[in-house]
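Residue numbers (this note's numbering), protein chains in the order written: chain U, 1 to 196; chain L, 1 to 178.
Do not take every clue at face value.
Said to hold, decoys possible - Straight-line alpha carbon distances no greater than 25 Å define the calculated DSS-like cross-link-like pairs of lysine-lysine that follow:
#1 U:LYS120 - L:LYS137
#2 L:LYS126 - L:LYS143
#3 L:LYS64 - L:LYS168
#4 L:LYS61 - L:LYS38
#5 L:LYS124 - U:LYS60
#6 L:LYS143 - L:LYS175
Hints were generated in silico from the structure; no laboratory data involved.
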Amino acid sequence: MNLWKNFSQGIIRENPVLRLMIGLCPVLAVSNNATNALGMSIAVAFVLICSNCVVALIRKVTPGEIRIPIFIIIISTFVTMCDYVMHAYAPELYQALGVFVPLIVVNCIILGRAEAFAYKNPILNAFLDGAGMSLGFLLALVSIGVVREVLGAGSVFGVPLFEERIAATIMILPPGAFITIGCIMALLNRMEKKVL
Amino acid sequence: MGRIIKLGITLGIFCVLSAGLLAWVFLMTTPVIEANAKASFEGSLREVLPGAKTFKDVSVKGAKSQIYEGYADGKPVGLAVKVAPRGYAGEIEMLVGVDPELRVKGMKILSQRETPGLGTNMLKPKFIAQFIGKGVKDVLEPKKDIDALTGATISTRGVCEGVKAVLKDAEQYGKGKP
Numbered sequence: 001m002n003l004w005k006n007f008s009q010g011i012i013r014e015n016p017v018l019r020l021m022i023g024l025c026p027v028l029a030v031s032n033n034a035t036n037a038l039g040m041s042i043a044v045a046f047v048l049i050c051s052n053c054v055v056a057l058i059r060k061v062t063p064g065e066i067r068i069p070i071f072i073i074i075i076s077t078f079v080t081m082c083d084y085v086m087h088a089y090a091p092e093l094y095q096a097l098g099v100f101v102p103l104i105v106v107n108c109i110i111l112g113r114a115e116a117f118a119y120k121n122p123i124l125n126a127f128l129d130g131a132g133m134s135l136g137f138l139l140a141l142v143s144i145g146v147v148r149e150v151l152g153a154g155s156v157f158g159v160p161l162f163e164e165r166i167a168a169t170i171m172i173l174p175p176g177a178f179i180t181i182g183c184i185m186a187l188l189n190r191m192e193k194k195v196l
Numbered sequence: 001m002g003r004i005i006k007l008g009i010t011l012g013i014f015c016v017l018s019a020g021l022l023a024w025v026f027l028m029t030t031p032v033i034e035a036n037a038k039a040s041f042e043g044s045l046r047e048v049l050p051g052a053k054t055f056k057d058v059s060v061k062g063a064k065s066q067i068y069e070g071y072a073d074g075k076p077v078g079l080a081v082k083v084a085p086r087g088y089a090g091e092i093e094m095l096v097g098v099d100p101e102l103r104v105k106g107m108k109i110l111s112q113r114e115t116p117g118l119g120t121n122m123l124k125p126k127f128i129a130q131f132i133g134k135g136v137k138d139v140l141e142p143k144k145d146i147d148a149l150t151g152a153t154i155s156t157r158g159v160c161e162g163v164k165a166v167l168k169d170a171e172q173y174g175k176g177k178p
């Protein structure tokens, strides 16, 4: 039961983007279409799950005074690996995401989970926490990406839905990110109020 | 004092492990990255200069643009020139194919950082098609012989400047040859 809670809390109740509101910089920047949003979510999921597992694994041998530098080394190692692999095997996505792949290093979701959860819990719980948080991040980012792409470019995952001429270009420009994220947060809050 | 040394050693071990792992991944992926970049650039060369089978780098050292001469069955069939004019947000890297009569044969935007939804419309075939067949004598100005992109006149001007530069380079290259 506890394990399930570790996994599920990141999805809605403590959703990193819509609830904790951390790691918003890449969310705002790469959610201009659904494909980029999905690619970014997968990269973040890889780094978050791996770093959570490794931090939990070595927490007993990590001296408290230098835990933050050690976390940063672990996180940046996985980010750089992800960067190389993406550049080699998904060059188009790599170009679209640009600087936001290396910037996963400073994504506060990852350091936040390492410090707040993985450092204090065994590996299985840390893995589930990472997976749940990643899923929450993915759901939030992809839903923002889908809304912005449909309204701003008239397509979804690159498949055209209607004529681009009637699409509201503002939705794929930076203001569209703020508008969409605000509306989704409001919707989520309202839904939760009704359920409870 | 002993504590500091112990911490330093712990941190050092983590750094060494991390560096080793990264070196391995780097060695595994570099050949793939280089092969991809090469294949994709060669593909672009063929795209802008249809008919050419092999390309030779004939760029002048220190020049702003890179020139590739295309050959089919040993005969030159035109040039592909890479230029990077200024757009609205940074440089627009583009490749333009020019036939021996100094007319644009094909054009491809390699990379750009223009405004999404406005300047990025330069990637559309309809916009690119306007430049095909243009030569040194054409004015190549937005609102004259080129339809500017809505809300992105500066981006349009950038592309026009790029094509002009390519045609100029191609003309000079032609003159330089005996």
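**Item:** Numbers of the earlier hints that this structure fails to satisfy, in rising order
**Value:** Of the numbered hints, 1, 5, 6 do not hold.
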